[in-house]
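In the working numbering, the protein residues as written are -15 to 166.
Bear in mind the hints are in silico, worked out from the structure with no lab data behind them. There could be a bad hint or two in this list.
What the hints assert, rightly or not - The calculated DSSO-like cross-link candidates involving lysine-lysine, where the alpha carbons are at most 30 Å apart (straight line), are:
| hint | residue 1 | residue 2 |
| --- | --- | --- |
| 1 | K25 | K165 |
| 2 | K49 | K140 |
| 3 | K161 | K137 |
| 4 | K158 | K20 |
| 5 | K137 | K152 |
| 6 | K137 | K116 |
| 7 | K165 | K152 |
| 8 | K161 | K49 |
| 9 | K75 | K24 |
| 10 | K158 | K39 |
| 11 | K116 | K20 |
As the list claims (entries may be wrong) - Simulated DEER-style distance windows between Cβ atoms:
| hint | residue 1 | residue 2 | range |
| --- | --- | --- | --- |
| 12 | N90 | F153 | 31 to 39 Å |
| 13 | M40 | P122 | 14 to 22 Å |
| 14 | R124 | W9 | 18 to 26 Å |
No residue lacks a Cβ here, since even glycine has one placed at the ideal position from N, Cα and C.
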Amino acid sequence: MKKILFILFLAVFTTVNTYAQEINWVTFQEALELQKKTPKKIMMDVYTNWCGPCKMLDRNTFQNKDVANYVNEYYYAVKFNGEGNDVVSYKEKSFTNPRYNPANANRRNSAHQLAGYLQISAYPTIVFFDNKGEVIAPIRGYQTPPQLELYLKMFKDDMHIEMNTQDKFNAYYKAFKAEFKS
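With these hints in hand, go ahead and build the complete structure from the sequences.
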């Protein structure tokens, strides 16, 4: 009996140790302010409350210990509801959601002006910003930990700057060896 309980404990501990990691989420305003003191890139998760793949991204990717540790070390992480009602200042403009309907808070709602400005056309989308708050690229769709790892490392090291053709990106993609576990 003790042996079975120990095996169950190890299984639970291993699962928790792999997936119970937390990303240190901040608001977009906080990330932009933090950049002024300590420059880091920003990774923004643009989600909606009704989006199934967004929930999978939270559960399967953002709670992965490899992803969480890497993001916490090298990025400011932002969660942004693309159909929410927050007031956001960016590039000396104020962005809101004037057609937001509180009755639709957990259903499809109108798009936030910032989501439109960032040209978000699908959820989830992960938007990467450089050390000065300028958009690097939006990455659309659900990403597994190894898939996200490719972008986290590419943008962190500014490798994207020299990838000015599809062939250069394809070569990077082929050569990339993922280290994050799914």
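Now the hints, each set against the structure:
Of the pairs offered as hints, the one joining K25 and K165 holds, with about 23 Å between alpha carbons and a cut-off of 30 Å not exceeded. For the suggested pair K49 and K140, the alpha carbons sit about 18 Å apart, so the restraint of at most 30 Å is met. At roughly 11 Å between alpha-carbon atoms, K161 and K137 fall within 30 Å of each other, so this suggested pair holds. At most 30 Å may separate the alpha-carbon atoms for a hinted pair to count; K158 and K20 exceed this at roughly 35 Å.
With a CA separation close to 16 Å, the supplied pair K137 and K152 stays within the 30 Å bound. The straight-line distance between the Cα atoms of K137 and K116 is roughly 18 Å, inside the 30 Å bound, and the hint therefore holds. Simply put, K165 and K152 have alpha-carbon atoms about 26 Å apart, close enough for the 30 Å limit, and the pair holds. The straight-line distance between the Cα atoms of K161 and K49 is roughly 18 Å, inside the 30 Å bound, and the hint therefore holds.
Proximity of K75 to K24 is assessed by CA-CA distance (about 18 Å); at most 30 Å being required, the pair is judged to hold. With a CA separation close to 29 Å, the supplied pair K158 and K39 stays within the 30 Å bound. For the proposed pair K116 and K20, the alpha carbon gap of about 8 Å is at most 30 Å, so the pair holds. Hint check: N90 to F153, Cβ distance near 37 Å, so the stated range 31 to 39 Å holds.
Separation of M40 from P122 is about 18 Å and conforms to the stated range, judged on CB atoms against 14 to 22 Å. Distance hint for R124 and W9: a CB-CB separation of about 20 Å, consistent with the stated range 18 to 26 Å.
Comparing the model with each numbered hint stated earlier shows that hint 4 is the single one that does not hold.
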